[in-house]
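Peer 1: This is what each chain is made of:
Number of protein chains: 2
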Amino acid sequence: MPVFEPYYAVIFTSARTTGDRGYKKMSELMLDLAEKQPGFLSVESAREEIGITVSYWKDLNSIANWKTQTDHLMAQERGIKEWYSWYKVRICRVEREYDFNKME
Amino acid sequence: MPVFEPYYAVIFTSARTTGDRGYKKMSELMLDLAEKQPGFLSVESAREEIGITVSYWKDLNSIANWKTQTDHLMAQERGIKEWYSWYKVRICRVEREYDFNKME
Chain A
576 MPVFEPYYAV
586 IFTSARTTGD
596 RGYKKMSELM
606 LDLAEKQPGF
616 LSVESAREEI
626 GITVSYWKDL
636 NSIANWKTQT
646 DHLMAQERGI
656 KEWYSWYKVR
666 ICRVEREYDF
676 NKME
Chain B
576 MPVFEPYYAV
586 IFTSARTTGD
596 RGYKKMSELM
606 LDLAEKQPGF
616 LSVESAREEI
626 GITVSYWKDL
636 NSIANWKTQT
646 DHLMAQERGI
656 KEWYSWYKVR
666 ICRVEREYDF
676 NKME
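From first to last, the protein sequence lines are chains A and B.
Under the working numbering, the residues of the first sequence are numbered 576 to 679, in order.
Under the working numbering, the residues of the second sequence are numbered 576 to 679, in order.
Incorrect hints may have been included.
Identical copies carry no separate label here, and so any pair may be met within one copy or between two of them.
Keeping only pairs whose Cα atoms sit at most 25 Å apart, straight-line, the calculated SDA-like set for lysine to any residue is [unchecked claim]:
#1 Lys642 with Pro577
#2 Lys633 with Tyr673
#3 Lys642 with Phe615
#4 Lys642 with Arg653
#5 Lys663 with Pro613
#6 Lys600 with Gly626
#7 Lys663 with Thr643
#8 Lys611 with Thr643
#9 Lys656 with Phe675
#10 Lys599 with Trp661
No wet-lab data here; the hints were simulated from the structure.
Model the full structure from these sequences, guided by the hints.
Peer 2: In structure tokens form, the structure reads like this:
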């Protein structure tokens with residue numbers, strides 16, 4: 576088994592305001608943009624009563640760069656003004672993982 | 576501002592098999608049971624194409640105890656046999672957090 580290399584997760588939990596207000600389009604744009612950032616690994620997302628988006632990154636530096644990327648900053652500003660009634664961001668170090676797959 | 580105390584997150588990402596097969600009832604039971612475990616802090620969950628459940632814990636020991644709790648072990652076994660086509664579990668140390676709330 577290869578040695579596990581710790582990496583980082585950003586857990587973004589949120590509640591939406593009512594109405595789309597350009598949210599869907601922008602979230603697709605941000606996803607495309609995130610995937611192009613250095614150090615980006617993957618992203619997982621689901622929304623019911625609340626939304627949970629977890630993005631995975633190589634290191635803290637990649638996360639810091641993504642947070643201050645210009646277009647992303649604009650989206651964050653619109654997020655606060657228009658799209659979210661609340662959100663919480665947690666920066667985490669992934670220390671261990673395991674998985675199960677019926678197809679394997 | 577109070578000093579931030581790191582805590583732990585278990586990110587459980589999964590894809591369901593088709594049909595309920597007793598899943599909904601058991602997931603409610605497991606949620607009730609998790610909340611009673613020592614060191615449990617909170618849980619957040621959403622499912623669309625994939626499901627993401629993040630539970631938060633005081634320390635790694637609390638997570639280890641929950642993983643080996645008898646009823647939870649039985650649920651994990653049924654999870655593999657019946658409910659999930661795949662899942663991935665990541666154990667993470669929450670190192671930083673911030674939030675936004677329109678009501679504050």
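Peer 1: What label fits Lys656 with Phe675 when the C-alpha limit is 25 Å: within, between, both, or neither?
Peer 2: Answer is between; shortest inter-copy Cα gap is 11 Å, intra-copy 40 Å.
Peer 1: Cα distance capped at 25 Å. Does Lys600 pair with Gly626 within a copy, between copies, both, or neither?
Peer 2: Answer is both: 16 Å inside a copy and 22 Å across each meet the 25 Å cutoff.
Peer 1: Check Lys642 against Pro577 for me: Cα-Cα at most 25 Å, and say if that holds within a copy, between copies, both or neither.
Peer 2: between (31 Å within a copy, 24 Å between copies)
Peer 1: At most 25 Å between alpha carbons: which applies to Lys642 and Arg653, within, between, both or neither?
Peer 2: within (14 Å within a copy, 40 Å between copies)
Peer 1: Within, between, both or neither: how does the pair Lys599, Trp661 come out at a Cα-Cα threshold of 25 Å?
Peer 2: within (17 Å within a copy, 27 Å between copies)
Peer 1: Within a copy, between copies, both or neither: which one fits Lys663 and Thr643 at a CA-CA cutoff of 25 Å?
Peer 2: within (17 Å within a copy, 30 Å between copies)
Peer 1: How do Lys611 and Thr643 come out at 25 Å by Cα distance, when the copy is not named: within, between, both, or neither?
Peer 2: Within one copy only: 14 Å inside a chain, 40 Å across chains, cut-off 25 Å.
Peer 1: Quick one: Lys663 to Pro613, C-alpha cut-off 25 Å, is that within a copy, between copies, both, or neither?
Peer 2: both (24 Å within a copy, 24 Å between copies)
Peer 1: Using 25 Å as the alpha-carbon threshold, which applies to Lys642 and Phe615: within, between, both, or neither?
Peer 2: within (12 Å within a copy, 30 Å between copies)
Peer 1: Is the C-alpha distance from Lys633 to Tyr673 at most 25 Å within one copy, between copies, in both cases, or in neither?
Peer 2: both (18 Å within a copy, 21 Å between copies)
Hint compliance for this structure: every hint is met.
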